[in-house]
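Engineer: Use the sequences and the hints to build the structure in full.
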Amino acid sequence: MNPSPQVDSQEILATAQALRWEVGKDFHEKLMEALYTNAAEIADRAVTRPGEKPRFDLDRSIDRIVTSRRWGFLLMILLFTLVFWITISLANVPSRMISDLLIGTIYPALNALATRLGFPWWLHGILIDGIYLATAWVISVMLPPMAIFFPLFTLLEDFGYLPRVAFNLDNVFKKAGAHGKQSLSMMMGFGCNAAGMISTRIIDSPRERMIAMLTNNFALCNGRWPTQILIAAIFIGALMPAYLAGIVSALAVVGIAVLGVLLTFVVSWFLTRSVLKGEVSSFSLELPPYRPPRVMQTIYTSLIDRTIYVLWRAVVFAAPAGAVIWLVANITIGGQSLAEYIINFLNPLGILIGLNGVILLAYIIAIPANEIVVPTVLMLTVLVTGLTGAGAGAGVMFEADLESTKAILVAGGWTLLTAINLMLFSLVHNPCSTTLYTMYKETDSRKWTTVAALLPLGMGFAITFVVAQVWRLIFG
Amino acid sequence: MPEPLFAILIAAALVLIGWLLFWPKTGIIYRWRKARQVTDRVLLEDALKHIQRCERHAETPTLQSIAGALDISLNQAAHIAEELQSAELIQIENGAFRLTPPGREYALRVIRAHRLWEEYLAEQTGFDEAEWHDQAEQYEHLLSPEEARNLARQLGNPAYDPHGDPIPSSSGEFQHHPGIPLSSMEPEKPLRIIHIEDEPEEIYAQLVAEGLSPGMNLRISEKTLQRIRFWIGEEEHVLAPIVAANISVVQLPEELVEKTPPGAPLATLKPGEKGRVVALSPRLRGADRRRMMDLGILPGTTIDVEMTSPSGDPTAYKIRGALIALRKDQAQLIQVDNKPEELPL
Chain B
0 MNPSPQVDSQ EILATAQALR WEVGKDFHEK LMEALYTNAA EIADRAVTRP GEKPRFDLDR
60 SIDRIVTSRR WGFLLMILLF TLVFWITISL ANVPSRMISD LLIGTIYPAL NALATRLGFP
120 WWLHGILIDG IYLATAWVIS VMLPPMAIFF PLFTLLEDFG YLPRVAFNLD NVFKKAGAHG
180 KQSLSMMMGF GCNAAGMIST RIIDSPRERM IAMLTNNFAL CNGRWPTQIL IAAIFIGALM
240 PAYLAGIVSA LAVVGIAVLG VLLTFVVSWF LTRSVLKGEV SSFSLELPPY RPPRVMQTIY
300 TSLIDRTIYV LWRAVVFAAP AGAVIWLVAN ITIGGQSLAE YIINFLNPLG ILIGLNGVIL
360 LAYIIAIPAN EIVVPTVLML TVLVTGLTGA GAGAGVMFEA DLESTKAILV AGGWTLLTAI
420 NLMLFSLVHN PCSTTLYTMY KETDSRKWTT VAALLPLGMG FAITFVVAQV WRLIFG
Chain L
0 MPEPLFAILI AAALVLIGWL LFWPKTGIIY RWRKARQVTD RVLLEDALKH IQRCERHAET
60 PTLQSIAGAL DISLNQAAHI AEELQSAELI QIENGAFRLT PPGREYALRV IRAHRLWEEY
120 LAEQTGFDEA EWHDQAEQYE HLLSPEEARN LARQLGNPAY DPHGDPIPSS SGEFQHHPGI
180 PLSSMEPEKP LRIIHIEDEP EEIYAQLVAE GLSPGMNLRI SEKTLQRIRF WIGEEEHVLA
240 PIVAANISVV QLPEELVEKT PPGAPLATLK PGEKGRVVAL SPRLRGADRR RMMDLGILPG
300 TTIDVEMTSP SGDPTAYKIR GALIALRKDQ AQLIQVDNKP EELPL
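Chains as they are written, first to last, in numbering that gives the first Met the number 0: chain B, 0 to 475; chain L, 0 to 344.
Calculated lysine-lysine pairs in the BS3-like style (CA-CA distance at most 25 Å, straight line):
no.	chain 1	residue 1	chain 2	residue 2
1	B	Lys446	L	Lys33
2	L	Lys327	L	Lys338
3	B	Lys276	B	Lys440
4	L	Lys273	L	Lys338
5	L	Lys269	B	Lys173
6	L	Lys24	B	Lys446
7	L	Lys338	L	Lys269
8	L	Lys327	B	Lys174
9	B	Lys173	L	Lys317
10	B	Lys29	L	Lys188
11	L	Lys327	B	Lys173
Just so you know, these hints were derived from the structure itself, not from any lab.
Keep in mind that this is a model prediction, so the values were computed, not measured.
Structural biologist: Printed below as a string of structure tokens:
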């Protein structure tokens with residue numbers, strides 16, 4: 000046998016081994032760079048682009064204005080104020096209509112139907128007072144603003160304006176370790192945090208995307224605005240003379256929203272420097288050409304993709320919550336309802352942080368949807384105080400006009416501190432289950448979903464605790 | 000309801016205890032776990048590394064030098080040396096420690112894990128340059144040879160770590176870099192950085208702050224006993240000789256010099272100006288580098304500066320027909336020739 004081939008292969012291996020150290024450190028990069036460069040050269044030679052205009056002059060002129068020092072920020076503030084104003088002012092009417100239809104008309108009809116069919120009282124209660132009512136409530140509060148806000152937002156996106164907003168604001172976000180596009184997911188969060196979670200997909204850098212997801216909850220979503228507005232009107236506006244009441248309570252709500260934005264930056268800053276330190280981060284932001292928005296298509300896709308999708312998830316979570324709400328108020332042990340036991344148990348903690356047991360229980364069973372917190376609080380307060388002449392029975396959520404709402408809450412032991420702390424806690428607490436589920440779907444990580452739930456919850460307890468103690472020190 | 004002042008004091012006490020216990024780096028839990036990690040094995044491995052290092056630099060490892068390098072007492076060092084000797088990892092020749100072949104193999108395995116981990120941190124995570132070394136100091140003791148092999152495969156079997164140190168192969172082969180300390184080079188020759196020493200920490204931090212990295216080309220313009228002044232592209236750096244001694248360089252062959260014309264960072268261009276990319280800085284690593292290449296930022300690409308954000312950063316660039324915004328610290332790492340009209344298009 001001839002041994003030389005073996006010797007040869009040994010030699011080749013040895014040579015390769017020796018050469019390995021000589022090709023240098025950046026040989027992979029050099030190779031990759033050469034491949035890319037080669038591809039680009041071939042493309043440049045082979046592809047002709049007939050009639051290629053330099054850059055569309057109109058585009059450039061628009062960019063000059065929307066990113067100029069003088070007009071950039073002003074235009075941005077005007078546009079978004081307009082979007083929010085349209086949303087709020089237009090959503091009221093359909094919200095009222097849906098509420099009238101679902102709760103004013105269909106709900107009594109269902110009650111009558113159940114009575115005629117001879118449902119046992121508990122089945123009647125769970126199905127209609129529990130599940131149906133909670134679902135109807137969520138739909139009537141949630142659907143109209145989303146159906147208006149999302150298409151408007153998507154139109155701006157389709158036109159090509161939103162990336163310019165990210166461009167203008169990036170420097171601010173960069174200081175907190177975040178990506179300029181987080182401004183957009185945050186804005187989306189003002190509509191709905193679950194939709195905000197999905198919209199973080201536009202951020203392609205892993206670390207910055209995680210920051211955007213973990214802080215999206217600090218954008219006050221449309222399920223929480225009504226709570227803020229109601230409580231501010233009852234407790235804070237009422238401190239002022241009548242002509243100032245409106246403006247002061249509005250300022251209080253805006254103050255809470257601004258606090259949310261500040262917290263977004265603080266928490267983003269903290270996250271980049273602690274838990275997210277080692278995550279991969281790479282910035283890039285494409286500013287696509289402007290184009291006339293395709294109105295019909297945009298409205299259609301934003302309704303289907305965002306509104307209906309989010310609404311469906313909310314309904315899926317709200318229905319069982321309705322059943323739970325009815326059950327805790329109606330299951331009695333030794334003459335006391337389950338709700339009262341839990342409330343008595345939670346009361347010491349609640350009082351300590353300037354809230355009360357009713358509010359904490361309401362936040363626990365209303366995890367699926369922030370929309371039903373106030374109706375649940377009202378129902379539970381009537382239940383534990385034994386008020387007569389208010390409410391619609393154990394386990395049945397309701398809303399009342401301002402005066403009687405205030406009367407119920409004050410009877411439940413509410414003070415100005417309770418109101419302020421409820422507003423703070425409503426801003427800083429765990430995201431709703433729809434949002435958490437979306438987060439889990441997007442990240443496929445239990446760990447980060449848990450962080451997203453516990454971080455704001457812990458902060459909420461800390462903030463309300465400190466406010467309560469300081470308040471008591473000052474006002475006794 | 001508890002007294003509010005009392006409640007605040009209790010909460011503050013709880014926060015303080017939590018902080019003392021759990022704070023990273025200084026917390027008691029962290030220190031306790033760290034102390035548990037510094038087992039005998041870790042000390043043995045660190046001692047082997049130290050002896051290997053001394054052999055490489057033709058210094059004599061002694062009990063004192065081991066105690067100093069590992070930050071332990073002389074007694075402990077003696078104990079470690081004894082154990083190494085009885086495990087036949089070192090032997091004593093003329094009163095000096097020498098590695099035995101198995102000892103050398105062991106030391107190289109630890110060094111391999113250390114450098115692979117640094118390369119991993121540089122390429123596939125977002126950790127800061129300053130943190131690589133400390134982390135690798137821990138993981139070098141934790142990676143099994145099997146894990147090291149998997150990590151190497153995942154990284155594309157790199158030959159050098161981000162500081163330019165060779166990574167020993169799994170069979171322990173490697174070649175030292177042929178670099179010469181920058182402090183002993185003569186002015187005006189074209190040089191390339193091939194290695195930056197990451198110890199001691201203070202000097203390394205200074206080099207990182209200067210933005211120096213293996214793969215960069217430089218030219219010394221002035222050399223005195225007090226300082227060395229050199230240029231990288233159009234950027235001037237001044238270092239004390241003792242700092243410059245931690246940079247190893249090789250001479251660039253003349254034909255390579257022609258190919259790499261000096262450039263200015265893209266970040267120095269104003270809106271309305273244009274430049275042609277000549278190189279991506281070696282400091283542009285991992286995901287960020289791949290992103291730049293994905294966007295078509297390659298040697299030869301012409302880039303127009305379009306506009307700057309009203310908040311000052313980022314800046315939008317016209318790249319291959321698309322408008323892309325890059326941050327200042329990224330644009331700083333792209334070297335462009337800012338007089339592309341003189342070049343044939």
